[in-house]
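Take these sequences, add in the hints, and give me the full structure.
There are 2 protein chains.
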Amino acid sequence: MSNSVKIFDTTLRDGTQGEGISLSVEDKIKIARKLDELGVHYIEGGWPGSNSKDIEFFERAKQMTFRNAKITAFGSTRRKDSKAEEDINLNRLIESGVSAATIFGKSWDFHVHTAIQTTLEENLAMIFDSVKYLKSKGLEVVYDAEHFFDGYKNNAAYALQTIQKAQEAGADWITLCDTNGGSLPGEITSIVSEIQNHISTPIGIHAHNDCELGVANSLAAVTAGARMVQGTINGYGERCGNANLCSIIPNLQIKLNFDVVSSDQLKSLTLVSRYISEIANMNMPVNQPYVGNAAFAHKGGIHVSAILKDASTYEHIVPELVGNKQRVLVSELAGQSNVLVKAQEMNLDFGKETQKTKAIIEKIKDLEHQGYQFEGADASLELLLRDAFEGLEEIFTLESFKMLVEKSANHAVVSEAIVKVKVHGHTVYTAAEGNGPVNALDNALRKALVQYYPDIQQIHLSDYKVRVLDEKDATAAKVRVLMESTDSNSTWNTLGVSNNIIEASWFALVDSLRYALISRKRIDPANNENVERFGLMNH
Amino acid sequence: MSNSVKIFDTTLRDGTQGEGISLSVEDKIKIARKLDELGVHYIEGGWPGSNSKDIEFFERAKQMTFRNAKITAFGSTRRKDSKAEEDINLNRLIESGVSAATIFGKSWDFHVHTAIQTTLEENLAMIFDSVKYLKSKGLEVVYDAEHFFDGYKNNAAYALQTIQKAQEAGADWITLCDTNGGSLPGEITSIVSEIQNHISTPIGIHAHNDCELGVANSLAAVTAGARMVQGTINGYGERCGNANLCSIIPNLQIKLNFDVVSSDQLKSLTLVSRYISEIANMNMPVNQPYVGNAAFAHKGGIHVSAILKDASTYEHIVPELVGNKQRVLVSELAGQSNVLVKAQEMNLDFGKETQKTKAIIEKIKDLEHQGYQFEGADASLELLLRDAFEGLEEIFTLESFKMLVEKSANHAVVSEAIVKVKVHGHTVYTAAEGNGPVNALDNALRKALVQYYPDIQQIHLSDYKVRVLDEKDATAAKVRVLMESTDSNSTWNTLGVSNNIIEASWFALVDSLRYALISRKRIDPANNENVERFGLMNH
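Those protein sequences? They're chains C and Y, same order as listed. If you read the first sequence in the UniProt record's numbering, its first letter stands for residue 1, the second for the next number, and so on. If you read the second sequence in the UniProt record's numbering, its first letter stands for residue 1, the second for the next number, and so on.
FYI, nobody ran anything at the bench for these hints, they're computed from the structure. All residues carry an ideal CB built from backbone N, CA and C; glycine is no exception. Errors might be hidden in some of the hints.
Claimed, not checked - Quick list of the computed label-pair ranges, beta carbon to beta carbon: (1) Leu256(C) x Asp81(Y): 39 to 47 Å; (2) Lys358(C) x Lys153(Y): 40 to 48 Å; (3) Asn3(Y) x Ala156(C): 23 to 31 Å; (4) Glu406(C) x Ser408(Y): 18 to 26 Å; (5) Asn3(Y) x Glu26(C): 49 to 57 Å; (6) Met1(Y) x Glu168(C): 44 to 52 Å; (7) Asn3(Y) x Glu85(C): 52 to 60 Å; (8) Gln117(Y) x Gln457(C): 51 to 59 Å; (9) His369(Y) x Lys153(C): 35 to 43 Å; (10) Glu26(C) x Gly391(Y): 47 to 55 Å; (11) Lys153(Y) x Lys325(C): 19 to 27 Å; (12) Ala412(Y) x Asp264(C): 54 to 62 Å.
What the hints assert, rightly or not - List of simulated lysine-lysine pairs, DSSO-like, C-alpha gap at most 30 Å: (13) Lys365(Y) x Lys267(Y); (14) Lys255(Y) x Lys153(C); (15) Lys478(Y) x Lys447(C); (16) Lys402(Y) x Lys363(Y).
Here you go:
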């Protein structure tokens, strides 16, 4: 049996059934391009029979060139008691201009009776006629046997007949679907193995994640002989999502030695996953396997001290194989070794400067004791270390700020901030409104600084988290504010701690701007005049 | 072999190794209580040898009563070339006062050489001595064989010797750990099966999710004979997290018919999962299997029309088995059943008053759309229902408030609030300072009300949480504030939502005081003169 497994991506079709996902035609085009770069073999673009947005996608896709992937369109078997040739759905598939079409039909007798309400015989005819018609038009046909596993468990003989009909009609692939996501790997293994005694057409698997087994079920099917895997990027999809290709591809290729994509394509996995989450406007879970920001992040002190000796002590693969990288989180659980790693990343001479090293570790411990937690705030930590080792000039100094929130009965609440800062010897005194107090403060500070540092216009606060550190005396307790900021190139995190949420936000805000201006200078050595102007030279 | 599987929860220990998770002692106590309600058999509370916060947890846990769970403490085998009796770590376990302890030791020869840098013989002695010492002190001992599967694949004979040493020394459980999360279910099945030819001690499994196979690997181990599963709520943990108990428990119990928790305990699963995500201040993925808000949500038109005929067409289990519920995303019905349950608890004639029922459900839907979420704020929901069904008089009306935060270089930040309210026809105008803006507002409001409602002196805000609802435009985004309040008798939760964190806090604060004064009147009929004075009679 071939060692090659085909990847059938349905992010653009089944993926959009997930809660919170809605893609424009433009979004879909961008995603299709990335999927092609990743090397997937089929991209299911949509259901031309069900909505006009999808028809437009296929129109545009026709004019594009894909290096690796075939674009496929999705539909269902013909309606009951009608002719395939006259079925709008099937004809839309043909008109979409794709070279491969996927249609689903019923395998579960219960569904034939309850959902489409017809006879078992008519359902078999619907499958046969539909596949036959598409084949007669020269299309490659993927037949999706919906609810196959549930159907097989309930009435094996009938479920088998349905896919035998698809085979007789000439289907190129028969995909066994665990549509409700309720099957276990053991069931998948035995049913996929059994089926191959009766079917010679290549088998595919389409799994869902309702038992958190979507990846395991896909692997089980491939191990039992399936050679196509349907799934979505980041596991997007109805209910608990489809099987996650971002885990399936590296598992098949790195762990099970199947031939899936090239090793260069595999290296693009992390980027593709994050790019698509951006386009889909969905938050990536930091702990997502293989591609998440924390997938190779180490927090426990024992783990950190071991990976310094050899990364494979606590990493199951080399992160770079999937385009990800190791991170060391600095936290109360960690010893000194986490700080050392961070300093190494930054090329600071940490080992030799023992005096400075001791002092900075004492300072970090002290800050952590106050409630600072640097694991989520790499940028604040970097500023701290650079300050200690290199000395950083302040980009401005605060003289004062005032923040006012005012609410009257039946009037919208108003937030204003007044900021007085000294920049390059000049005092700047300015005020701004905002949607809330932190927004007002952010606006006022930017307004004061923008004439000196025009680059801050490109910075945008993308996440803001507040954590109350000790609830004993809740409204008077210490709070930790974590801010995420982005510009066109990168994302960085800063934090602030105070009894006062406004002051904590101020600290995080100031760190965010400082970091942006300092790192901007660093990565672009051509910006020398800026370095001068910003007063950011080391000294 | 017994059909019963023990659940060993390590949310409080391994779970806190996850990025972004940090729990106070108070958080840990709250979570332990919930875990006990869920019916887990072991709660690993922390590592008393590694930090003082954990020591405090065990001090407090000693004074609590747990109905189902044993509290366990975590540590490692003794240091190399030393005596178990003199090992600080091991002695801390004993001093923690728990009846069960978990210690981990090395199974992988590579780790013995590289990480702890000793001989294979000394490592065996470390395991034997440590287990023996804890057993001699009367403790139940769970021996965690770290990296067992990697070790076994590399040097099966040595890996086996390590757990045989633990068995000889009297370990009650031997847990096989896939510490790096890199193993596949097939490997787990064969290794767990093989091990049982050599070991008679009951076997546990500790899996990680680095290949998105944490749940599958745990099930594979149990199917092969393991009878304890270690994992965390919502799969929190280092890197990609630990095996997720919220999926493992229902998979074992509903799908594989193991005896794990009672069916009533299983019904609390969704609530426990969401409660712990709130306490840990971690966003719940909506598509989380079994317990996520979208786990039984239907969006596709075909799916929706089929589930209206029979829910089992697209649901793998009845959602109520795990305390979750069906949602149809095209016609949002969320919240209704919660509301009905709450109304029943309050003895409101919900069924009959159809006009009022419709109106209040519309209102709640609208508020949920704005970002309100009443699951964590029973008191605010009760106020809403009482208002609609009985009519509640306001305890005061707001004319205006002003909140000022001021900071100058080298001076402590100052927060002041000015409040103008009408109480019983009198305008009260007052001001107060606070440790932060919400504290200042709280102080000013109490100062204005206390002469009319002296009871509010007994009320104390015990928790305060802020969640940013839409991070797209971070500092201008909507925020939800959740407040917990207590008096001598009880605890209640209220919430507020606004673009402005100060206004959201104000809403939650006002609800807290309203609820306190209203329920005080209700539960204490002797307080009739107060009822009169408070103007809280129904009308």
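Practice task
Of all the hints given earlier, name the ones this structure violates by number, lowest first.
Solution key: none
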